[in-house]
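Place chain W on chain Y using the hints.
Protein chains: 2
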Amino acid sequence: MPDYNAPLRDLRFVLHEVFDAPSLWARLPALAERVDADTADAILEEAAKVTGQLIAPLNRSGDEEGAQWREGVVTTPAGFREAYATYIEGGWVGLSGNPEFGGLGMPKMLAVQFEEMLYAANSSFALYSALSSGACLAIDAHASADLKQIYLAPMYEGRWAGSMCLTEAHAGTDLGIIRTRAEPQADGSYAITGSKIFITGGEQDLTENIIHLVLAKLPDAPAGPKGISLFLVPKRMVEADGSLGAANAVSCGSIEHKMGIKASATCVMNFDGASGWLVGEANKGLAAMFTMMNYERLSIGIQGIGCADASYQGAVAYARERIQSRAPSGPVAKDKSADPIIHHPDVRRMLLTMKAMTEGGRAFACYVGQQLDLAKFAIDADERQRAEALVALLTPVAKAFFTDTGLDSCVLGQQVFGGHGYIREWGQEQLVRDVRIAQIYEGTNGIQALDLLGRKVVANGGAALKLFCAEVRDFATQPAAPYAAELLEALQRLEGTSEWLLQQATRSPNEVGAASVEYLQLFGHVAYAWLWARMVAVAEARQAEDEAFYGAKRATAEFFFRRLLPRTLAFEASIRAGAEPLFGLASEQF
Amino acid sequence: MPDYNAPLRDLRFVLHEVFDAPSLWARLPALAERVDADTADAILEEAAKVTGQLIAPLNRSGDEEGAQWREGVVTTPAGFREAYATYIEGGWVGLSGNPEFGGLGMPKMLAVQFEEMLYAANSSFALYSALSSGACLAIDAHASADLKQIYLAPMYEGRWAGSMCLTEAHAGTDLGIIRTRAEPQADGSYAITGSKIFITGGEQDLTENIIHLVLAKLPDAPAGPKGISLFLVPKRMVEADGSLGAANAVSCGSIEHKMGIKASATCVMNFDGASGWLVGEANKGLAAMFTMMNYERLSIGIQGIGCADASYQGAVAYARERIQSRAPSGPVAKDKSADPIIHHPDVRRMLLTMKAMTEGGRAFACYVGQQLDLAKFAIDADERQRAEALVALLTPVAKAFFTDTGLDSCVLGQQVFGGHGYIREWGQEQLVRDVRIAQIYEGTNGIQALDLLGRKVVANGGAALKLFCAEVRDFATQPAAPYAAELLEALQRLEGTSEWLLQQATRSPNEVGAASVEYLQLFGHVAYAWLWARMVAVAEARQAEDEAFYGAKRATAEFFFRRLLPRTLAFEASIRAGAEPLFGLASEQF
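Residue numbers (full-length UniProt numbering), protein chains in the order written: chain Y, 1 to 590; chain W, 1 to 590.
This is chain Y alone, in the form it adopts within the complex:
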């Protein structure tokens, strides 16, 4: 198993040079007092140590051992408990949490970079705290002052964890048909009864308590998604002074045996009249849960980038060391019987595809982080509103495009290893198995695509999209913008296709769903083109400072524009073929 080394130079390039985050922070009062370039760098360096030295070494062993269930008790693999204890001492769970309750209040632009490292090091481990951070966000935004006072501090500390209980055996995408019910009790609490499946970290042995956020229906609830409420259900009851009381009526019925992320416990959770408290308003639980869900969607997107980078690091190291056949242009390692495979064109194609997509994703994640920071911290209401619209538009792209390209990259990274890529001890195959879930959970990528095209583009008549396209066009029409012609052509392809789809959507209800996945792919490629052009602009300006580093950025961009961006031709043509070719067969003709 190759080591994971956080790509600090590349992370700083994006954060400081491409997005100039410190200047942004300086003008946002809430951040200005907490973070500057040096603080950020210190945090990233510490994060690199924690992920590389503490957490990454548990990735292979965690996969082999897996989480274990016995009579309702879940045991994480050897080393996880100790590593988790050290990890929470660093305050990482509350990195971007509300300082009022002990969070560090760091910007999301920084947090996304930390999350990339965490997933790259060990996706299973990362999930135990990713759910806590998201649960805190929902509690902070929607729960009563009392609940916040009791729960947030220990959750930010990492002593208590969070979970997200949505799915039931018959209801995944379609939450409107859930059956878990909540009976009001005399003391203002609710008795929650029902069974939830696929609950990441629903039970574990890392924390003193687990705070479940549970979707359930009140007795008088309307049918469908407008009749869902959100409840906070602790594993152990919490006394008024914050100490732990008796066990709540919550139990873990079993854990799943999965393709990957084996060290992450995926639980069946049974609620048998468990005590819960309403979070937010009755029957508006889905909206409240979306605060958590959107957090997790970006986070899971970043899992795609993290796994891809881990795979890339392994593949580059292997391609430099493995000698096999002579390079087509003549011997490179003349003293050896063959050349390192990194000199073979097709190996370079694979590595460059991984590199271009991973670094494009890293920049995109930083951009989404920037918009999240603006939405939260900007003084100006218009600026906040604009940022919120962009976050809504870009979150499904981040979730699905990072993870689709994440699987592609991990498959390529495995392929570079040849036969060794298929063998467990070499580590590459685990990344393929681990990253694969990211296309499925937190809403499948098909659902993300529907969200993007249906809700975030068509439903607002393309208004949010226009904000994004205007930003891309502003860049591309600057004097001397790199790849301006290519970028404008790609942008026009996205805009033209979007216009066409806005019209089509009014004609047939199937057009959105027929086009959505390829539309999201088109969107992702255009966004990466813009970000690569931005990276090149910085690299051109600084080339003399570090020829090798900035030269690599420019060469990778060149590869992206020449060899990957042409895929948009195919996406557009396929989209414009419309929904009809999907409906030529009756369901029994499949």
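Don't take each hint at face value.
No copy labels: a pair is met if it fits in one copy or bridges any two.
[Said to hold, decoys possible] With a cut-off of at most 20 Å between alpha-carbon atoms, the simulated EDC-like pairs for lysine to aspartate or glutamate come out as follows:
#, residue 1, residue 2
1, K336, E168
2, K334, E588
3, K376, D38
4, K148, E495
5, K376, E321
6, K336, E321
7, K334, D174
8, K466, E17
These are calculated hints, taken from the structure and not from any lab test.
Chain W only, in chain Y's frame:
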């Protein structure tokens, strides 16, 4: 785990209706006496029973238990021994084997269909006999009369198995640098010494003997691939009367722990002065081994189709049963709380992509089988030669394109299941893990692409390609040929790109390797377009006989032409960007 049901109606459609195999067999004397339409159907039906009822039920349990190694002894999972014994009673190992030694002499067009079922049912099980069939082919073609007399009959019977010992730890793609050596002995045999890795079925408990075909170097051998010889090395020595003697100096050092095909033993094989016999001429072992390798390449390609079909069957069944959200065009199952997901456009997109690619592959496999039958059985030397040229051209396409689209299909089939797709007991994730190896072994798909573009297109100045393109054009220019315009446009894209590449190849040694993978993808899509048009021609003519069946073929073709074939736009554009964007970075800049 869903059942596997061989798609007999679809297999017959391709064999009888699209390719009219019985007419071909009738005009080839060697086949005319052995097989006709009824025989073929009887064999396919029996094959469907064996694979569906005997072998498929061992697929999940085989994955969970895996092959086990203990002190040199390999144990296959529970049930494999009994199933294998029943399996060989049916004569399946020698299905297309030489009747002179007990083979059934059946045409390859039929054998590829059997292989599809076998891989669909259980890829690990399939491999144990796939290697035997290929080894027989090489022995039959290249070994001395004595060796053939001793070894072929028990191998065709399946009492003895074959293995293929090429790879060494430092030499996979690059066989020229292998170190295993062969010392001539006084009795005409050779003492083989060396260690081979990744040997599928190198050791197992299914057969009485294992016949290893081993690449090794003679003491005076020239360096590189022209100094490799092929040896037959039995696990147990064979007496003159065919009875088994002492153990040979061959041992299994360990087996690999892999991502998938866990019930297939992938062995480290150690040869410690083992007795072996030369097969074919000294120093011409690579060419002799290619007889086996080309067989295995097509076979492994078919693994891609088989796994994809198994995944498709599971996904269709699930998509019909799983209800979730209402169809966008309005409720379909009004009596239920939601509609079957097969009514959602994006689920249809996934299923149709799988269906179009799997059935395209099935037709392509039959076409390659047809050419193999012509190469072997045609009376006319020109016809044989033409068929041989086509087989050489098409084998790398079959291996790589079937398995690339095979992985894509299995990933889609898993995605249709949502969260359940990631859980082991549902079976879909195993297909992803099992099919993944097919892109790697028997020469990675990158190597197949190099073989296609470098050796099979560029090296002969496009002569073999012209044969293929002429056949496609002949069809597309027939009066009333379906999709003629689309097919001719795609064909011109392939021809134009090929012409351009023939020129580029003379300019820079890197151009072939830079373009090869996307070129193979382009080739595969154009070939499938041709085959889908051929299938439509049949379906149009017979529509009235079975509206549902032939209507489905036409609708699937429509989907392929409108929604998948546009990918060729992207392949061409990326290819024409050339090799330069791959060489902008020095190896240390990655």
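Hints and how they fare:
| no. | hint | verdict |
| --- | --- | --- |
| 1 | K336 with E168 | between (59 Å within a copy, 17 Å between copies) |
| 2 | K334 with E588 | between (62 Å within a copy, 18 Å between copies) |
| 3 | K376 with D38 | neither (22 Å within a copy, 73 Å between copies) |
| 4 | K148 with E495 | neither (44 Å within a copy, 67 Å between copies) |
| 5 | K376 with E321 | neither (47 Å within a copy, 43 Å between copies) |
| 6 | K336 with E321 | within (12 Å within a copy, 59 Å between copies) |
| 7 | K334 with D174 | between (61 Å within a copy, 16 Å between copies) |
| 8 | K466 with E17 | neither (26 Å within a copy, 53 Å between copies) |
Comparing the model with each numbered hint stated earlier shows that hints 3, 4, 5, 8 do not hold.
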